[in-house]
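Asker: Now for the letters of each chain:
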Amino acid sequence: MIIGNFRIELEPRLSSPKWLYLAVPAGSLVFAFIVGGIFLALTGHSPIGTYGSLISHGYTSSKGITNTLGLATPLICTGLAAAFAFRMNLFNIGEEGQMYLGMIGSAWAGIALAGHLPHVLAVPTVLIIGAATGAFWVLLPAILRAKLGTSEIVSTLLLNYVALNLVNYFIYGSRGFFRDPTTSFPQGRGVEETARFHSFGTSNTYPTVIIAVLLAVALYWFMKRSNFGYETSVFADSPNTARYAGMNATKLTLSVLLFSGALAGLAGAMYVVGPAGKVDPGLLQIGLGYAGIVVAALARYNFVAVVLTAILFAGLRVGGASLQISSNPVPIAIAVVLQGSVLLFALGGEIFRRNRLRIRRVQQVSVAS
Amino acid sequence: MGSHRLGGATLFALSARQVTKRFPGVLANDRVDFDLLPGEVHTLLGENGAGKSTLASVLCGLYKPDEGAVLRNGTQVRLTSPRHGLQNGIAMVHQHFRLVDRFTIAENVVLGHRNLPFRLRANDLEDQVAQVAERFGLPLDPRVTVGELSAGQRQRVEIVKALYQGAEILLLDEPTALLAPPEVEKLFETVRAMTQAGKSVVFVSHKLGEVVDISDRVTVMRDGRVTGSVARGEADTRKLAELMVGRDIDLSPRRSRVAAQETLLQLDKVGLTKDGIERIANISLSVRAGEIVGIAGVSGNGQRELAEIVAGLQAPTSGEILINGARVNGIGTRKVREAGLAYVPEDRLGTGLAPSLSIVDNLVLTRDRGFLVDRKSALVEAEAFIKQLEIKTPHAHTATRKLSGGNSQKVLLAREIFAAGDNSRVLVVCSPTRGLDVGAVEAVHKLLDEARSSGKAVLLISEDLDEVLTLADKVLVLYRGSVVHEVAGHEVDVEAVGLAMAGLS
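So the protein lines, in turn, are chains A and B.
The opening position of the first sequence corresponds to residue 368 in the working numbering, with each subsequent residue numbered one higher.
The opening position of the second sequence corresponds to residue 6 in the working numbering, with each subsequent residue numbered one higher.
Same shape as in the complex, but just chain A:
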């Protein structure tokens, strides 16, 4: 592009300096807040005051941060699920449905099994069964992908709607196993008390947050050091090289997708052993599965970064929701605008990580022949 005497060009970088990996996301956050601020100003709110209150409600007050961590817990899991699959170029976007199935599976275990189990085993069993049902939900797309090359994007997405209606049917459509028999109000049947964690004090944060964080760190280490992690990175980089080295593509595809489904299922199970204690249609409203994909993308599929991004996002949600009940209520849509802007700017910012902006004076060519 030429403006006046100057030529503005994007020049590819040969290598990106390390600080840019932090500067670009931080910069996109700032720009997102500026864009959000414009919306706030247009709707008659003070941007600074609103942001101050958003930060306090979302992060800095003790109530705010515990609410945020509580919401972040399942979001970390769905974020890990997406990051895990996307790293191998397997685009599992069915975290939402796999999470619902995790909720159903763990609620079943919490109702039917937990009473027969010793106390210490009850919660782990419920969590594992939730993870297993999440994996089960991605089994069909995984087989289709591994054996026939069917697009997992479409199949996993469509199964989300099946899972959604399954939950609705269990609670609103039938008086079956998952429906609370003691009341005519449609709600889930509670799991055994032994199948639940107690929250920290009176907060909304449960010990599952520790599990989620440990899981992220463990995955980070495992994928960096293990043969499995190595093989997935070769496969993701170049399937032909993997074939050349005799790696089993079918096995890798299946195990990556199933594990991703299990992580999403775990998100649902953590919701059951934590705040819900039953099959709760409330989970259908908050879109933690889809948000997990956004979190993973922003974290550039780095497992440790997923934790931080999930907390950032959960805080925006919690803080955004609180703004609705302030004296000058701010619509929840503002929080959504902020989230969208963060994503947009972060993805757009990639261009500045890969390229360098150059402004040059246009030179007149002189001929000397």
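Because the hints were derived from the structure by calculation, they are not lab data.
Do not take every clue at face value.
When the alpha-carbon atoms are kept at most 20 Å apart in a straight line, the in silico EDC-like pairs for lysine to aspartate or glutamate are as follows [stated by the list, open to error]:
| hint | chain 1 | residue 1 | chain 2 | residue 2 |
| --- | --- | --- | --- | --- |
| 1 | B | K340 | B | E310 |
| 2 | A | K591 | B | E215 |
| 3 | B | K407 | B | D427 |
| 4 | A | K385 | A | D647 |
| 5 | B | K212 | B | E351 |
| 6 | B | K407 | B | E388 |
| 7 | B | K69 | A | E376 |
| 8 | B | K191 | B | D228 |
| 9 | B | K244 | B | D221 |
| 10 | A | K618 | B | E215 |
| 11 | B | K407 | A | E378 |
| 12 | B | K212 | B | D442 |
| 13 | B | K69 | A | E717 |
| 14 | B | K244 | B | D471 |
| 15 | B | K212 | B | D373 |
| 16 | A | K591 | B | D379 |
Go by the hints and put chain B onto chain A.
Answerer: Positioned in the frame of chain A, the structure of chain B alone reads:
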């Protein structure tokens, strides 16, 4: 071919004056001067990255120079696009052809031409195209679809296209890379016909081969600069290689110095039929320890299938493959490797190496890794290779795609020759120097020669006939999936091999 003199000054058909072109981190052309006479054949010679393709792109209008000027018939032209170049009579034929497979030759030739009538009459166009083709000795049937043509014929279509659009100056990028020797001869006839009609031809090449022989002048580039410009007969290949590389280069034939021993790789009547088409027909050959058997042939005659069959990536539909006497038909790559095979595929980055992974990670690719990957010993190994083979890289953790072709090939060869260990004694190598510089070619050939001397059985499958003739103790020619010619390395009759490659024996 005479120069046209006007008023005592030579009038060049095309010149570059002090052309400088920068890319991020690279000075691709540094104050380059270049002159082309009318009716001249001029070779622009240089290694990969020497800047010759950049210069050609500047000359044809694809790139704009940062500094300096392009002159056409002595007046400066500011070319803004290849189309603009064409309006000035300058056309470039790229190494990778830009043709539509489903269109006929005539349709491809007129494609992109601006002054076509609204209603196309196929017959008229075909006649016009045939006329142009005939005038320059390019036999083509304009009604044939391009998808059915060989590489040589496609190249002819590209040349006819350029001529049809009125090109006076033709820049040919690596024109002989994909051609069989008889096709190269035909190309040269065309070039002669063009120069007789007063047109000029520039060959852009990194190979000291035939193109240099028919050139009136050779301009050599290195590191973005012109290192010399010599008229025909003024310099031999050795001198040109030195100008290209900046040091003395040894490309003389290398033959086995030890007596070949026991047979390590044997193919017995191997065949492959896929989708009802016979890709490999009844091939029998054996490779003994301490020898290189070379397979020559034009690309697409079954080389890839043959290599994949031996490497265990495809199972043959008939016949037997024996490594160290053990049958390895269709047992899979891992087991074939365990049986003693190392394999350097044609596609370095993308099959042999994982491009985004580091040198270290690429060395562990064919190891038995266990649960946790041992990168410590791989790092030690990588650093030893980097030193020993003079691999140019910032460090052992650099992604292989950031290395030059020669250096990534060294990584791959290091893994397949040395890291594979003594138990691996059969080496299958496919087009190991394709696209590499003269200096890198020398290094790769030296490595293959060392592998042979250390008692490995090497099967060299290469589309580069010179390479096969330089290294092989036995030469086999592959044509349409069959071995049609077989001769000992020191008894090779180049003409007979060339004819066999074209299927004319």
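Asker: The structure should be examined with respect to each hint, and the outcome stated for every one.
Answerer: Structure-based check of each hint:
The straight-line distance between the Cα atoms of K340(B) and E310(B) is roughly 19 Å, inside the 20 Å bound, and the hint therefore holds. Of the pairs offered as hints, the one joining K591(A) and E215(B) is violated, with about 50 Å between alpha carbons and a cut-off of 20 Å exceeded. For the suggested pair K407(B) and D427(B), the alpha carbons sit about 30 Å apart, so the restraint of at most 20 Å is broken. For a cut-off of 20 Å, the pair hint linking K385(A) to D647(A) is broken: about 44 Å separates their Cα positions.
At most 20 Å may separate the alpha-carbon atoms for a hinted pair to count; K212(B) and E351(B) meet this at roughly 19 Å. Using a Cα cut-off of 20 Å, the hinted pair K407(B) and E388(B) holds, with the two alpha carbons roughly 17 Å apart. At most 20 Å may separate the alpha-carbon atoms for a hinted pair to count; K69(B) and E376(A) meet this at roughly 14 Å. With a C-alpha separation of about 33 Å, the suggested pair K191(B) and D228(B) falls outside the 20 Å cut-off, and the hint is violated.
For the hint linking K244(B) to D221(B), the alpha-carbon distance of about 16 Å falls within 20 Å, and the restraint holds. A C-alpha spacing of about 50 Å is found between K618(A) and E215(B), which places the hinted pair above 20 Å, so the restraint is violated. A distance of roughly 17 Å separates the Cα atoms of K407(B) and E378(A); the hinted pair therefore holds under the 20 Å criterion. Of the supplied pair hints, the one linking K212(B) and D442(B) holds, its CA atoms being roughly 8 Å apart against a limit of 20 Å.
Note on K69(B) and E717(A): the hinted pairing is violated, with a Cα-Cα distance of about 28 Å set against a maximum of 20 Å. About 18 Å separates the Cα atoms of K244(B) and D471(B), which keeps this hinted pair within 20 Å; it holds. With a C-alpha separation of about 40 Å, the suggested pair K212(B) and D373(B) falls outside the 20 Å cut-off, and the hint is violated. Of the supplied pair hints, the one linking K591(A) and D379(B) holds, its CA atoms being roughly 11 Å apart against a limit of 20 Å.
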